[in-house]
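One line per chain: the protein sequences are V and E, in this order. For our numbering, count along the first sequence from 1 and bump the result up by 45. For our numbering, count along the second sequence from 1 and bump the result up by 18.
Warning: the hint list may mix true and false statements.
[To be verified] Cut-off 27 Å, straight-line C-alpha distance, at most; resulting in silico cross-link-like pairs (BS3-like, lysine-lysine):
no., chain 1, residue 1, chain 2, residue 2
1, V, 74, E, 62
2, V, 286, V, 179
3, V, 74, E, 157
4, E, 62, V, 70
5, V, 290, V, 360
6, V, 70, E, 184
7, E, 76, E, 216
8, V, 289, V, 349
9, V, 342, V, 360
10, E, 112, E, 249
11, V, 277, V, 360
12, E, 184, V, 74
13, V, 277, V, 55
14, V, 70, E, 157
Please keep in mind that the hints were generated in silico from the structure rather than gathered at the bench.
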Amino acid sequence: MHSYINSGHKDTRSGFGSGLYHLGKINPKVVALCADLTGSLKMNAFADEFPERFFQTGIAEANMIGMAAGLTIGGRIPFTGTFANFSTGRVYDQIRQSIAYSGKNVKICASHAGLTLGEDGATHQILEDIGLMKMLPGMTVISTCDYNETKAATIAISNHSGPVYLRFGRPKVPNFTSPEKPFLIGKADILTEGDDVTIIANGHLVWEALQAYNSLEEIGIRAEVINFSTIKPLDIKTLLKSVKKTGRVVTAEEHQRNGGLGDSISQALSLNNPCPMEMVAVNDSFGESGKPDQLLKKYGLDAKNIISAVQRVLKR
Amino acid sequence: MNNSIELIPSQIRRDILRMVHAVQSGHPGGSMGCTEFFVALYFKLLNHSPEPFNMDGKNEDLFFLSNGHISPVFYSVLARSGYFPVEELNTFRKIDSRLQGHPTTHEGLPGIRVASGSLGQGLSVAIGAAEAKRLSGDKNLVFTLHGDGELQEGQVWEAALYAGSKNIDNIIATIDANGQQIDGSTEEVMAMGDIGSKFEAFGWQVIQITDGNDLSKVIDGLTSGIKHSGKGKPICIVMKTEMGAGVDFMSGTHKWHGIAPNDEQLENALSQLPETLGDYPL
Numbered sequence: 046m047h048s049y050i051n052s053g054h055k056d057t058r059s060g061f062g063s064g065l066y067h068l069g070k071i072n073p074k075v076v077a078l079c080a081d082l083t084g085s086l087k088m089n090a091f092a093d094e095f096p097e098r099f100f101q102t103g104i105a106e107a108n109m110i111g112m113a114a115g116l117t118i119g120g121r122i123p124f125t126g127t128f129a130n131f132s133t134g135r136v137y138d139q140i141r142q143s144i145a146y147s148g149k150n151v152k153i154c155a156s157h158a159g160l161t162l163g164e165d166g167a168t169h170q171i172l173e174d175i176g177l178m179k180m181l182p183g184m185t186v187i188s189t190c191d192y193n194e195t196k197a198a199t200i201a202i203s204n205h206s207g208p209v210y211l212r213f214g215r216p217k218v219p220n221f222t223s224p225e226k227p228f229l230i231g232k233a234d235i236l237t238e239g240d241d242v243t244i245i246a247n248g249h250l251v252w253e254a255l256q257a258y259n260s261l262e263e264i265g266i267r268a269e270v271i272n273f274s275t276i277k278p279l280d281i282k283t284l285l286k287s288v289k290k291t292g293r294v295v296t297a298e299e300h301q302r303n304g305g306l307g308d309s310i311s312q313a314l315s316l317n318n319p320c321p322m323e324m325v326a327v328n329d330s331f332g333e334s335g336k337p338d339q340l341l342k343k344y345g346l347d348a349k350n351i352i353s354a355v356q357r358v359l360k361r
Numbered sequence: 019m020n021n022s023i024e025l026i027p028s029q030i031r032r033d034i035l036r037m038v039h040a041v042q043s044g045h046p047g048g049s050m051g052c053t054e055f056f057v058a059l060y061f062k063l064l065n066h067s068p069e070p071f072n073m074d075g076k077n078e079d080l081f082f083l084s085n086g087h088i089s090p091v092f093y094s095v096l097a098r099s100g101y102f103p104v105e106e107l108n109t110f111r112k113i114d115s116r117l118q119g120h121p122t123t124h125e126g127l128p129g130i131r132v133a134s135g136s137l138g139q140g141l142s143v144a145i146g147a148a149e150a151k152r153l154s155g156d157k158n159l160v161f162t163l164h165g166d167g168e169l170q171e172g173q174v175w176e177a178a179l180y181a182g183s184k185n186i187d188n189i190i191a192t193i194d195a196n197g198q199q200i201d202g203s204t205e206e207v208m209a210m211g212d213i214g215s216k217f218e219a220f221g222w223q224v225i226q227i228t229d230g231n232d233l234s235k236v237i238d239g240l241t242s243g244i245k246h247s248g249k250g251k252p253i254c255i256v257m258k259t260e261m262g263a264g265v266d267f268m269s270g271t272h273k274w275h276g277i278a279p280n281d282e283q284l285e286n287a288l289s290q291l292p293e294t295l296g297d298y299p300l
């Protein structure tokens with residue numbers, strides 16, 4: 046059994062809200078913008094306490110992104126907040142030109158990512174956002190796994206100079222990482238040690254990977270579970286060190302296969318140390334309405350699918 | 019002062035034409051139409067310090083060019099007002115240059131604070147910078163320039179709504195109303211209607227410049243804009259210009275939006291524009 050204990054279900058977006066509020070108190074340079082989703086993004090505490098540093102842009106995400114770029118001119122550190130779909134796909138050109146190419150220190154913070162958004166369905170369940178963001182030169186891309194990690198990452202990115210995409214989600218999920226642990230951008234976190242297979246996950250699928258670890262242990266398979274919350278820059282050193290031991294990799298994420306974490310891992314392995322690999326991810330399809338756990342099951346993203354992928358990769 | 023400033027536009031237009039001719043690419047038409055605007059701003063009205071260039075622009079006025087394709091006039095005016103050496107104009111659009119086809123911060127060219135080229139984004143960025151100034155108690159102003167065709171981009175109206183709704187009164191946005199865009203006149207491509215009324219409906223104070231190629235009228239219009247700032251409303255200046263102004267065969271047509279003159283056309287054009295400050299070396 047792995048040693049991680051769920052201290053209670055909490056939503057990752059509340060971790061963001063708490064981290065942002067903390068930053069508001071300690072760093073007067075931090076400002077926040079929101080496109081009419083203040084409650085959903087849990088930005089109320091910041092907005093109420095620091096109204097002069099909070100910009101309600103209305104349902105106008107392109108303008109919000111441009112304004113965030115402009116607010117950096119004068120030394121502010123803007124955090125934008127809206128759903129992941131509206132944070133990326135809707136405003137890709139604005140991010141590309143006004144933020145990424147212009148080298149602006151904007152933190153694009155995106156909630157309700159992936160299938161686990163649930164009942165709102167495919168219009169809102171973006172599964173392409175990580176691919177979109179990681180292709181932009183100079184963009185740091187992070188997808189956090191629980192409340193504590195999201196809060197720590199929110200605080201950490203304020204100290205990083207340059208544009209960041211921080212992705213988190215809607216539902217309440219197990220909160221199991223240590224609240225004391227500082228977030229290190231670009232550093233993967235080895236959660237369990239094992240010699241048989243490396244399981245690389247991020248976001249909500251880290252907990253699924255830990256559940257898979259327990260089941261695999263019962264049948265004598267020792268998995269090394271690594272939380273790759275930073276997709277870019279990718280911690281290739283930790284990846285290669287683990288693969289040297291295991292020689293087998295399974296990736297798991299709430300995103301399309303194309304463009305996601307698995308895609309980055311696959312590229313790194315192909316270039317450095319080719320080995321058998323399986324991907325647990327959405328395979329070129331849109332989502333649909335349903336409960337988060339039903340959706341993870343239907344689209345093949347739960348612990349059971351991670352176990353199957355491990356069994357497949359061990360046979361190769 | 020006015021005597022000497024009047025000598026500048028002719029030189030700027032020579033720079034524009036020589037720059038685009040040298041690489042046989044770039045956008046001379048809109049650049050020449052906005053020459054007086056840039057000269058009025060950078061040589062008379064803008065509170066700015068070119069050297070050393072400071073990205074944050076604290077205690078300075080800021081300018082954002084939203085229609086980035088008219089980079090030739092922007093580069094010429096920045097160089098001639100001391101942001102970088104005038105000789106560097108001869109690197110425009112060439113490999114390893116800081117003077118990219120469209121303005122960018124990426125190569126570190128002094129005077130540029132955001133990349134522009136993909137249209138419709140500059141007003142939002144300027145509003146962000148204006149909010150940053152309000153937040154830090156900096157009373158200086160934020161100026162922008164936009165094409166009239168550019169107003170077809172939806173983001174402009176998101177930004178216009180924000181500025182009107184939130185009383186951003188430290189911003190002065192000028193619209194280059196030349197009535198032309200790539201595929202033809204704005205009337206043919208997408209009739210713009212009454213631009214001033216549109217901005218008024220979005221809560222802006224609107225000022226008209228009836229001849230944006232008359233330097234004194236541009237100075238008067240911008241000065242009026244500055245006087246109206248700080249009174250609870252963002253300022254929009256609708257500035258009527260002639261695309262390609264200053265050269266008879268280039269004036270008033272969309273044909274020279276993105277076309278460079280050939281050798282013969284350059285010679286003809288330059289003969290109409292006295293060399294007042296000295297050409298930059300090729």
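Outcome of the hint check:
{"no.": "1", "hint": "V/74 / E/62", "result": "33 Å, violated"}
{"no.": "2", "hint": "V/286 / V/179", "result": "23 Å, holds"}
{"no.": "3", "hint": "V/74 / E/157", "result": "19 Å, holds"}
{"no.": "4", "hint": "E/62 / V/70", "result": "42 Å, violated"}
{"no.": "5", "hint": "V/290 / V/360", "result": "17 Å, holds"}
{"no.": "6", "hint": "V/70 / E/184", "result": "25 Å, holds"}
{"no.": "7", "hint": "E/76 / E/216", "result": "32 Å, violated"}
{"no.": "8", "hint": "V/289 / V/349", "result": "26 Å, holds"}
{"no.": "9", "hint": "V/342 / V/360", "result": "23 Å, holds"}
{"no.": "10", "hint": "E/112 / E/249", "result": "45 Å, violated"}
{"no.": "11", "hint": "V/277 / V/360", "result": "30 Å, violated"}
{"no.": "12", "hint": "E/184 / V/74", "result": "21 Å, holds"}
{"no.": "13", "hint": "V/277 / V/55", "result": "26 Å, holds"}
{"no.": "14", "hint": "V/70 / E/157", "result": "26 Å, holds"}
Of the hints listed earlier, those the structure fails to meet are numbers 1, 4, 7, 10, 11, in rising order.
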